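S.K.: Could you put together the complete structure from these sequences and hints?
Residue numbers (my numbering): 53 to 376.
For the record, the hints were derived by calculation from the structure and aren't laboratory data.
Here are the simulated BS3-like cross-link-like pairs (lysine-lysine), alpha carbons at most 30 Å apart as the crow flies: (1) Lys265 to Lys209; (2) Lys178 to Lys209; (3) Lys178 to Lys298; (4) Lys81 to Lys265; (5) Lys298 to Lys81; (6) Lys107 to Lys178; (7) Lys263 to Lys209; (8) Lys263 to Lys81; (9) Lys107 to Lys209.
Ranges of calculated distance between the beta carbons of each label pair, as one might list FRET restraints: (10) Pro58 to Asn302: 41 to 47 Å; (11) Pro55 to Arg366: 44 to 50 Å; (12) Arg205 to Asp65: 22 to 28 Å; (13) Arg222 to Pro327: 30 to 36 Å; (14) Phe197 to Gln361: 31 to 37 Å; (15) Glu206 to Gln155: 37 to 43 Å; (16) Arg86 to Pro55: 55 to 61 Å; (17) Glu88 to Leu66: 39 to 45 Å; (18) Pro327 to Lys178: 17 to 23 Å.
Quick caveat: nothing in here was measured; it's all calculated off a predicted structure.
C-beta: ideal position from N, C-alpha, C; glycine also.
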Amino acid sequence: MEPFNPQFFMRTDLPVEGPPRELVGYGEKPPIVRWENDAKVAIQVVVNEEEGSEKTFAMGDQENDILYEFPFMQEGTRDLAIESMYEYGSRAGIWRLFRVFDQAGIPATIFAAAVALERNPAVAAKMVSRGDEATGHGLRWSNHFEMTRDEEREAIKLAVDSITALTGTRPLGWYCREMSVNTRELVVEEGGFVYDSDCYNDDLPYWTVVKGKAHLVVPYSLVVNDCRYLLAQGFGSPEHFIELAKATLNRLRNDGDDCGRMMSIGCHPRISGNPARADGLARFIDYAQQFDDVVFMRRIDVARSFMEQCPADRQVGSTAETGT
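M.R.: So this is what it looks like as structure tokens:
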């Protein structure tokens, strides 16, 4: 008999770089939390402000970026069609989204790539005037797993410095493009962040331990996310987006227990900033606002509310430093 392939019989993870997998979570009894106005569901509308910082031949990357309306692109040369779609987000789409939020009277969290704000500082000024949260989304919209540890450390520092200069407030949250095995350690090492969102593994914030320090994670989601307008298995129309968003909210409001949870909506100015898609987002916001147990919050406010109700020492014990 030939020897068995040992991979078919693995039961535990091998020693690997990066954070350990956290598969158990809260289990059957998550903490019972409530958000602003005693709400059961906290919706965070997240705008990924990336346009102008993406990979382009114009910036010397020798490649065009992805997430374009059509499934093809120029190879080996500038693709002006893709570039101009990103320009739409910066020129028109972001302002339509701001109008949607202004009309609904809701705050937003902006996952801000620093270079995108540098190239359109009026967006940073509008964020400040509205009181939106600027979460660090990298220096550029670059894959962090492509960087060395030192390159990533420097990119995080420069992003923090730039966003702070443009908005007057340092970012307290972090969510980069395609995290590396080093990202979370570097975020904790930097020392000024309250939370990171570089994972998709829960409907509630949770505490973890990084190098002996308690660290808060506020998970994100790629489900109610406008990238699905551009993916083959995604939204064919705003009605599909609304249908999925409503079903998500309905289940979170009536999830079979009394636990509060959060709901993330991911938007991009070049995608949801288009009229029909912005209209779909506006209609969902209007739907959600009819419920007394639903509130729209910034992610930093979700983080702070959770920290007050579920301090680190309740989840990670007294052995970890809990200076956050």
